[in-house]
Amino acid sequence: LVHKPAGLDCHAPGFWARLQRDGQDALHGRPAVPGLFMHQRCVASLETAESGLIVFSQVPGIARRLLDDAPLVEHEFAIEVNGAVQPEHLPRLRPARASINRQTETLTGLRVVLHGPEPGQIAALCRNAGLAPTVLRRLRIGRLPMAGLAPGHWRCLRPQERF
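The sequence shown stops at residue 203 when you use the numbering used here, and every number in between is there.
Quick caveat, the hints were computed from the structure, so don't treat them as lab data.
Computed from a predicted model, the values in this text were never measured in an experiment.
Positions of the beta carbon are idealized from the N, C-alpha and C atoms, including for glycine.
Don't take each hint at face value.
Computed spacing ranges between beta-carbons, pair by pair [unchecked claim]:
no.: 1; residue 1: Thr146; residue 2: Leu107; range: 17 to 25 Å
no.: 2; residue 1: Gln126; residue 2: Arg202; range: 19 to 27 Å
no.: 3; residue 1: Val175; residue 2: Arg132; range: 18 to 26 Å
no.: 4; residue 1: Arg183; residue 2: Thr146; range: 30 to 38 Å
no.: 5; residue 1: His79; residue 2: Pro127; range: 42 to 50 Å
Turn these sequences into a full structure, and let the hints guide you.
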């Protein structure tokens with residue numbers, strides 16, 4: 041599990057080398073085991089401008105759950121848009137479920153939940169609804185939250201954790 045900062049391409053060459061050099065396992069606070077990053081495949085990615093939880097795995101069962109069974113797995117996003125959003129605008133974000141989390145005169149925070157979104161789909165839904173997202177961050181995939189991971193940090197999936 042990786043907390044990807046905005047502006048970082050998770051498919052770019054050297055992504056794992058940067059995490060190996062700069063990051064450490066946030067769960068145990070120690071450097072990665074040699075070979076841990078070999079043959080890792082991104083099975084829950086985000087666009088470069090988006091931030092939040094992404095998943096890399098070399099385990100076929102995890103890849104199957106997040107890729108093949110994607111329509112069954114919820115993804116929760118926090119989105120910030122400029123200006124006020126009225127509740128009647130939220131149905132325009134379908135098929136996602138959306139709610140207003142916080143609102144000021146200049147900024148609105150939304151919570152959006154969608155099953156198995158493709159990278160960039162949430163931003164596209166916002167644009168189609170007439171909203172211009174300034175921040176888009178994935179908070180949760182299935183039952184696994186990003187809580188506790190600082191931007192750029194990673195941790196291994198615990199044995200008891202499931203998506």
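Going down the list of hints, with the structure as the test:
| no. | hint | result |
| --- | --- | --- |
| 1 | Thr146 - Leu107: 17 to 25 Å | violated (39 Å) |
| 2 | Gln126 - Arg202: 19 to 27 Å | violated (38 Å) |
| 3 | Val175 - Arg132: 18 to 26 Å | holds (19 Å) |
| 4 | Arg183 - Thr146: 30 to 38 Å | holds (34 Å) |
| 5 | His79 - Pro127: 42 to 50 Å | holds (47 Å) |
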